[in-house]
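Trainee: Below, each chain spelled out in residue letters.
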Amino acid sequence: MTNQHQRSPGEAGTNGHSGPASTLSRRTVLQMAGSAASLAAMSHAEAQSISETQSTVADAGAARPLQLTVNGVSRELEVDPRQSLLDVLRETLDLTGTKKGCNQGACGACTILVNGRRIVSCLTLASMHDGAEIETIEGLEKNGELHPLQQAFVEHEGLQCGFCTPGQIMSGLGCIAEGHAGSPEEIRFWMSGNICRCGAYPGIVAAVADAAGRS
Amino acid sequence: MTVRFIGSPHTRVDGPRKVTGNARYAADFNQAGQAYAVIVSATVGLGRITEMDGASIERMPGVVAVITHHNAEKLPYLPHKAVIDPAEGERLHVLQDDQVRFYGQPVAVVVADTLDDAERAAAALRISYDARRPIVDHAGDEVKAIVPDAATRPGARTLADRSRGEADAAVANAAVKVDENYDIARENHNPMEPHATIASWNGERLTLWSKSQYLVNEQAEIAAIFGLPLENVEVVCPFIGGAFGTSLRTWPHVTLAALAARHIRRPVKLVLTRKQMFFTTGHRPRTLQRIALGATPEGALAGMVHEGTGETSRYEQFMEALTNVTDYLYSCPNVRTQYRLAPLDTSTPNHMRGPGEASGIFAIESAMDELSYKLGIDPIELRRRNEPQLDEAENKPFSSRSLMQCYELGAERFGWTQRTPEPRSMRDGRLLIGMGTATATYPAFHAPASARVRLLADGTAEVEAAASDMGPGTYTSMSQVAAEFLGLPLERVRFRLGRSDYPQTPSHGGSWTMASVGSAIRAACLEVQAQAARRAAADAGSPLSGASVDDLEWSEGLLRRRGDTSPGISYHDIVVRAGVPIEAGGSAQRDPKVAEQYSMHAFGAVFAEVAVDPDVGTIAVRRIVGAYGIGRVVNPLLARSQCTGGMIGGMGMALMERTALDPRDGRPVNAHMADYLMPVNLDIPELEAHFVDEVDPHVNPLGVKGLGEIALVGTAPAIGNAVFHATGKRVRTLPIRIEDMLTA
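Residue numbers (this note's numbering), protein chains in the order written: chain A, 1 to 215; chain B, 1 to 744.
Because the hints were derived from the structure by calculation, they are not lab data. Remember, it's a predicted structure, so these values are computed and weren't measured experimentally. Hints may contain errors.
[What the hints assert, rightly or not] Derived list of chain B stretches under chain A, where covered just means 3 residues or more per stretch with a C-beta under 8 Å from a C-beta of chain A:
| no. | stretch |
| --- | --- |
| 1 | 113–122 |
| 2 | 682–695 |
[What the hints assert, rightly or not] Within a straight-line C-alpha distance of at most 25 Å, the following computed SDA-like cross-link-like pairs (lysine to any residue) qualify:
| no. | chain 1 | residue 1 | chain 2 | residue 2 |
| --- | --- | --- | --- | --- |
| 3 | B | Lys593 | B | Gly155 |
| 4 | A | Lys142 | B | Thr20 |
| 5 | A | Lys142 | B | Val13 |
| 6 | A | Lys142 | B | Pro16 |
| 7 | B | Lys374 | B | Ala172 |
| 8 | B | Lys81 | B | Phe226 |
| 9 | A | Lys142 | B | Glu491 |
| 10 | A | Lys142 | B | Arg24 |
| 11 | A | Lys142 | B | Arg17 |
[Unchecked claim] Part of the chain B face toward chain A, derived, beta carbon under 10 Å:
| no. | residue |
| --- | --- |
| 12 | Lys18 |
| 13 | Thr20 |
| 14 | Gly473 |
| 15 | Ser641 |
All C-beta atoms in this analysis are idealised placements derived from N, C-alpha and C, irrespective of residue type, glycine included.
Between the sequences and the hints, there should be enough to build the whole structure, so can you do that?
Mentor: Structure, rendered in structure tokens:
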């Protein structure tokens with residue numbers, strides 16, 4: 001069940017075997033970024049309790065420069081330091097392929113690759129990733145050819161409604177790159193951070209296994 | 001050889017869009033100059049707003065407007081109800097007064113230039129309440145059940161009281177009895193896509209990019225709420241990120257998005273938070289049920305009593321088909337069902353996959369399993385001995401009923417003969433193994449629908465209907481239907497859905513989309529062929545000039561004289577000569593005489609194997625096999641996928657899902673996707689779905705019965721029965737939890 005497979009915030013699809021970037025707890029993130037800067041990632045109740053104790057930050061919404069390379073294209077941006085990486089992708093860059101499912105790091109729909117690692121982009125602030133290489137679902141298709149994992153998702157019915165699919169595919173890429181796609185059982189374990197409410201899991205496992213075998 | 005598209009396991013035609021991020025869901029339709037709206041939800045469960053100072057946050061960075069009951073425009077809220085709205089009561093009117101009816105009710109909307117600014121200001125809004133303690137515990141002493149008004153009307157689908165024979169006496173006098181109570185938790189649909197609406201006004205015309213399973217109703221509902229002519233509202237929703245019923249109704253956030261957009265004269269994007277999706281967008285109501293069965297020693301049912309109560313809100317009477325299945329499932333001369341509602345201080349429940357049936361069948365099929373042990377009769381054999389010859393409640397024959405074939409096929413594929421009947425008799429090392437089975441059933445509905453087909457000069461066809469695709473594969477399966485009846489290759493057919501200005505269809509729910517929309521597409525295809533034939537016959541330059549239309553026939557997209565062996569002429573030929581596209585509409589609905597004559601339902605048999613750890617009480621589902629009689633299968637690839645997805649939903653219902661309310665204020669304490677447990681990849685066992693060959697000429701012209709609901713119905717009792725077989729512990733409360741196993 002879900003609570004047997006808890007992740008660290010910011011870490012997609014894995015079970016706590018995490019590198020430095022993913023060991024940040026929510027508290028650490030708050031301390032690093034300041035209270036106002038983290039409101040976006042919190043529920044109202046949580047945000048309210050923190051704003052009560054730490055009052056306001058005068059320039060909370062002041063834009064700050066950020067350079068990201070998104071799907072191979074360098075982007076010079078001015079971002080609100082409170083913006084999650086997900087919101088920058090969706091609302092600032094209009095790259096709406098990456099989905100917001102829960103904004104709480106629990107569903108995996110917003111999974112992207114940052115410097116080659118899969119993370120849930122809702123739980124990380126964009127301004128923490130200056131200079132990062134970002135890969136999203138929009139960048140996988142090359143010259144009109146689907147990526148083998150995209151193709152496998154279509155062939156194996158690894159989707160129904162399609163809303164979790166971008167996150168599943170990006171997480172699947174991470175899963176394969178990490179060497180965690182050696183067996184269906186292993187794939188199930190390492191893909192458990194991505195919920196599919198339609199229940200297309202058998203097709204997702206088959207697709208990841210197929211693509212892992214091809215690569 | 002004629003190419004058959006119906007029955008072909010074609011991959012999804014929209015698959016490439018979904019795997020590239022190019023499928024656009026409601027919140028993906030960013031508009032130039034849009035502002036962001038955030039709903040402020042009440043933090044008390046009942047009472048009145050005494051103070052709300054919107055002005056205090058108006059000067060926060062980026063804030064464009066703060067809309068509360070003080071300054072919101074008064075909306076007409078004209079009467080309007082659709083089939084998916086509760087027949088009794090009145091929908092929630094938002095920001096029209098100071099009353100709080102349930103925890104999480106929208107009490108303000110904050111609009112800002114960016115999402116972050118809107119969220120920050122919304123969090124800073126101070127509200128004071130005069131709060132009272134809400135009553136939210138369905139099983140509590142303070143709850144007074146009521147008779148649902150609509151259930152007392154003749155012809156109601158679910159009747160408050162229905163009876164044949166003398167059920168209570170028959171049970172009381174029976175040789176073998178089961179009389180037990182069942183409690184099924186409130187569930188939330190939790191689709192992956194949060195509810196979202198982008199609203200944009202152009203004068204008095206409103207466009208909504210909005211997540212909806214019922215576009216034409218969303219159009220009508222918003223038109224009624226704002227007092228607009230129907231044609232002034234357009235709803236667009238080409239993709240739905242799962243819904244399972246939660247987007248059947250038009251909930252308050254759609255109104256609020258439109259209200260906010262009009263208030264600030266800019267497009268507004270409003271997306272609910274995951275937490276808010278536990279408040280105002282419906283839920284499977286918690287149900288309390290009693291089943292009493294009486295049987296002869298040989299296992300013939302002598303009496304059946306099914307009493308059930310479902311939660312509803314104070315302001316609407318939400319009804320579902322909780323007790324319906326008991327009426328027709330088995331042969332029994334004495335049956336009594338009773339359906340009541342428990343009004344609580346919560347938001348109104350809504351249909352959730354297999355609404356009513358899924359909960360009702362858990363109770364009845366758990367009781368049947370229990371009866372089988374008391375009788376010492378195999379559970380499948382018990383059902384065989386009570387297999388009816390007709391629907392005994394309606395006194396009508398079934399249009400088709402393949403329940404026993406489903407049990408035979410399912411038992412064979414599952415390996416039911418390996419099961420030893422005694423509870424706790426099967427082990428795998430330390431683990432207790434259990435095998436259980438249960439019946440699944442759901443009505444084969446068919447609602448009036450329409451569609452339009454347009455033949456183009458390039459030899460392709462466009463097909464349109466205001467339908468939806470929340471995941472079953474409507475784009476693909478409807479394309480197959482059109483290709484089949486037009487005789488065109490699938491790639492020459494483009495099916496479009498998701499716009500309220502397309503031909504009207506019923507809601508995308510109730511497992512009736514293929515029956516209803518598919519039949520309408522068939523009718524439109526036949527009509528456009530008739531038009532094309534008439535045009536060819538009337539065309540002096542056509543080789544078919546002057547032919548009687550009755551002498552012409554279509555075969556694989558070519559028109560020729562009957563019996564003629566010439567190549568014939570194509571749509572392309574006819575349209576090019578016509579100079580304009582040829583367009584025709586078609587509609588279909590069930591013949592009332594057929595509905596009068598037959599009882600129409602899908603049936604299935606679900607088998608589950610579980611392993612229970614006797615030391616720590618964890619339950620793992622190892623296998624589920626389902627066999628279904630659902631009429632014709634349009635696309636077996638998609639159908640199997642829908643079935644296994646439904647089984648996974650049923651696993652959630654059986655073992656995980658429960659929205660827990662704090663009795664002090666009605667707050668859902670686990671309104672989070674990690675705390676509301678749902679199956680994840682590692683939970684998924686071997687899943688198999690099989691279909692028996694079933695030909696039903698009565699249900700609709702396509703012979704399809706629908707699949708979305710029955711895929712879930714039946715899974716939870718099969719798992720519960722397997723848990724009993726593994727442990728000897730009968731759990732009548734869902735979800736079954738580790739705690740329930742510790743005393744096993």
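Trainee: It remains to establish, for every hint, whether it holds in the given structure.
Mentor: Do the hints match the structure? See the list:
1. 113–122: holds (count 7)
2. 682–695: Three-residue rule met by the stretch 682–695 of chain B, so holds; n is 4.
3. B/Lys593 - B/Gly155: Given that 25 Å is the threshold and the Cα spacing comes to 16 Å, the pair holds.
4. A/Lys142 - B/Thr20: 11 Å, holds
5. A/Lys142 - B/Val13: 20 Å, holds
6. A/Lys142 - B/Pro16: 13 Å, holds
7. B/Lys374 - B/Ala172: Status holds; Cα separation ~16 Å.
8. B/Lys81 - B/Phe226: 15 Å, holds
9. A/Lys142 - B/Glu491: Holds, at roughly 23 Å.
10. A/Lys142 - B/Arg24: 20 Å, holds
11. A/Lys142 - B/Arg17: Distance ~14 Å between A/Lys142 and B/Arg17 Cα, so the pair holds.
12. Lys18: 3 Å, holds
13. Thr20: Nearest chain A Cβ about 5 Å off; hint holds.
14. Gly473: Holds - the Cβ of B/Gly473 comes within 10 Å of chain A, reaching about 7 Å at its closest.
15. Ser641: Result: holds, 5 Å to nearest chain A Cβ.
In summary, the structure agrees with every hint in the numbered list given earlier.
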